[in-house]
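Peer 1: For this one, chain A is given, so just place chain B on it according to the hints.
Protein sequence lines correspond, in order, to chains A and B. Here UniProt numbering is used: the first residue of the first sequence is 1, the next is one more, and so on. Here UniProt numbering is used: the first residue of the second sequence is 1, the next is one more, and so on.
No lab work stands behind these hints: they were computed from the structure. Since the structure is predicted, the reported quantities are computational estimates derived from the model, not experimental observations. Each residue gets a CB set at the ideal place from its N, CA and C atoms; glycine is no exception. There may be inaccurate statements among the hints.
Claimed, not checked - Reference excerpt, derived from the structure (chain B facing chain A, CB under 7 Å, subset only): (1) D254; (2) R255; (3) R275; (4) R286; (5) L287; (6) D288.
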Amino acid sequence: MSKKSFRQAINEALRQEMRRDPRVILMGEDVAGGRGGTSGVQDAWGGVLGVTKGLLTEFGEERVWDTPISEASYIGAAAGAAATGLRPVAELMFVDFIGSCLDQVLNQAAKFRYMFGGKARTPMVIRAMYGAGFNAAAQHSQSLYPLFTHIPGLKVVIPSSPYEAKGLLIEAIRDDDPVIFLENKVMYDDEEDVPDESYTIPFGEANLTREGEDVTIVAIGRMVGMANEAADRLEKQGITCTVIDPRTTSPFDEDTILECVEETGRLIVVDESSPRCNMACDISALVAERAFGALKAPILRVVPPHTPVPFSTPLEKLYMPSADKIEAAVKTVMKQHAREVA
Amino acid sequence: MTQDVIPLTMPKFGLAMTEGKLASWTVQAGQSVKQGDELADIETSKITSGYESPAAGTLRKQVAQAGETLAVGALIGVLADASVSDADIDAFIAKFQSEQTTDETEDTASTRNTEPHQVEAGEYSLNVREVGDGDGTPLLLIHGFGGDISNWMLTQEALASGRRVIAFDLPGHGASSKTVKDGSLAGLASAVNALLDALSISKAHIMGHSLGGGVAITLLKNHADKVASLSLLAPAGFEKAVNMEFITGFTEADRNRAMQQELEKLVHDKGLIGRKMVDSVMRARRLDGARDALRTIAAACFPNGEQGDDLRPVLEAASIPVQLFWGEADEVLPVAGADNVPDSVEKHLFPGVGHLPQMEKASEVNKTTEAFLQKHA
Chain A
1 MSKKSFRQAI
11 NEALRQEMRR
21 DPRVILMGED
31 VAGGRGGTSG
41 VQDAWGGVLG
51 VTKGLLTEFG
61 EERVWDTPIS
71 EASYIGAAAG
81 AAATGLRPVA
91 ELMFVDFIGS
101 CLDQVLNQAA
111 KFRYMFGGKA
121 RTPMVIRAMY
131 GAGFNAAAQH
141 SQSLYPLFTH
151 IPGLKVVIPS
161 SPYEAKGLLI
171 EAIRDDDPVI
181 FLENKVMYDD
191 EEDVPDESYT
201 IPFGEANLTR
211 EGEDVTIVAI
221 GRMVGMANEA
231 ADRLEKQGIT
241 CTVIDPRTTS
251 PFDEDTILEC
261 VEETGRLIVV
271 DESSPRCNMA
281 CDISALVAER
291 AFGALKAPIL
301 RVVPPHTPVP
311 FSTPLEKLYM
321 PSADKIEAAV
331 KTVMKQHARE
341 VA
Chain B
1 MTQDVIPLTM
11 PKFGLAMTEG
21 KLASWTVQAG
31 QSVKQGDELA
41 DIETSKITSG
51 YESPAAGTLR
61 KQVAQAGETL
71 AVGALIGVLA
81 DASVSDADID
91 AFIAKFQSEQ
101 TTDETEDTAS
111 TRNTEPHQVE
121 AGEYSLNVRE
131 VGDGDGTPLL
141 LIHGFGGDIS
151 NWMLTQEALA
161 SGRRVIAFDL
171 PGHGASSKTV
181 KDGSLAGLAS
191 AVNALLDALS
201 ISKAHIMGHS
211 LGGGVAITLL
221 KNHADKVASL
231 SLLAPAGFEK
241 AVNMEFITGF
251 TEADRNRAMQ
261 QELEKLVHDK
271 GLIGRKMVDS
281 VMRARRLDGA
291 RDALRTIAAA
301 CFPNGEQGDD
311 LRPVLEAASI
321 PVQLFWGEAD
331 EVLPVAGADN
341 VPDSVEKHLF
351 PGVGHLPQME
361 KASEVNKTTE
371 AFLQKHA
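Extracted from the complex, chain A is given alone in its bound form (with noise of 0.2 Å):
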């Protein structure tokens, strides 16, 4: 066990899995080292952020393939070899760019295993970078985890912190369908304590970061360290929370939310995807549904306003999320119970 970055985690988990299985093989742009043209530099930078550094020189050109900037063409490849046999992971960079291969996502890997009757497994993973604070501008900062989400015949994760990346990804990879694995770009330089041995975290079971009296947090991805940074805050004031890290947003883990909620009796959802449809939404209508008899107060969503990323700073950070817009959620929510017991 030592201290590992988000970064290092999950290049351990294709590394500890590329080992472990000779069927598990990366694609995608740059993931080789991005070496381009005929300058002859080998593994150069392991993609765009640096996180499949080392592989292609463990693994060799065999595994470990660069493609062309032709998202349709690999990403169909990938469920291709998937569906022969293969364990692909397969890098969309930036999760915005998901528009030019969305037909081999949405119609083919998605249906294959319900539209061959249960014969056939896709076991593919796509890795991609999503979220704002980075800077990226509009199209290369979006938070599409809805639009998988919505997708029958996918699953869709979402780590929250190096640990989490590392059981998660090495999970995804050993699943029979496809998973869509999301990586918050803003979180590839947070550390914690990873094992050294290869685990797994299943899928459709949430993990409680807090655990307290008052009100229920749940957050996705990034937001998590926001909402626990909130969550530690608000307890020297003597308001205690629970906050609630879902994992996966497709298998989902409704059992844990209605039951936190049915203890603190008040929910903040934190999303940091477009609001219109979002995983804040399906979350409030859960509750509502069934848990609204334990409400003592409106369920309150802190999510982004309806526009693309800003790519100016201060607005950017205006459109954010923060552990100061969780806290003024949550403080919120607390008076709205005074208010009806006085």
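Peer 2: Showing chain B alone in chain A's frame:
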């Protein structure tokens, strides 16, 4: 009169604990207590445990309030005879607080590395944590089936004055390597023997819990020269019966919810099992090879759903001191096993305690064991 004033400080439950929350006071200021009475509930990230009075007296002052989080060693209250004046109590608190601030600055030079680390022991790489120093015969702690060093969080420090106390993860457990070979008690005992060699310990007191008790007795059987005394907590090897539903459920649980239900079978007071504890058990269980190792051990030690080893003859033939602790409400290995332990053994049975007496009756187990170890030093 300050010598009659006893400081009550934040206890340290295991290696990870640097601070604890005073969840609630059980005793009000001004109330008199006996030694061992529960004064307060202390909550850590892993466990909530009662804080027992170190002596008889009157709880004169609650320095910390319920809900406060304090560093280990910080003053939480003061115990003294009713005859001590309030002024003396206040003076004691002021003095203690100022001295403690100085202590903290000097605390940087710790002698022994108490962080868990890997030790190569024969074919195994074992996760080992050592505390304590001194000339006393070392004490080695062997946890049970599916356990790890954290099972000794209330034990290891408490027994570490004047001797090394070593906790480790058995092969296949915790952060140790996952090879268990045939998974038998003899195999596990040979790993323990290799660990003692690797640590250059020629003889040790051995404390074993549950399956670890069976391993301890098997170590005595196969390597008698290594064992100075045995302290057994609900040991395997004295009854056919074992709760196989627990063994299987505890091995296979792949969700925290399922694991929580299994862990609750380990204790009489179900409230002891918090979500954090469940999570730390699951983190170990999720490691590749961890479940397979437990399956192998279960198959070797509990063939046909019963305990396969009868260890009574080993104790009957033993000439070393042996003591036994067992909770009468044990749901994993029935306390009836205690009847099959030879009468030469000092037996301590606890009503209303489950399979983890070292946690549920920590201070009694520790006190009795300290006296036992000193008597047989």
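Peer 1: Each of the hints needs a verdict: does it hold here or not?
Peer 2: Results of checking the hints against the structure:
| no. | hint | in the structure |
| --- | --- | --- |
| 1 | D254 | holds, 6 Å |
| 2 | R255 | holds, 5 Å |
| 3 | R275 | holds, 6 Å |
| 4 | R286 | holds, 4 Å |
| 5 | L287 | holds, 5 Å |
| 6 | D288 | holds, 4 Å |
Comparing the model with each earlier hint shows no violations; every hint is respected.
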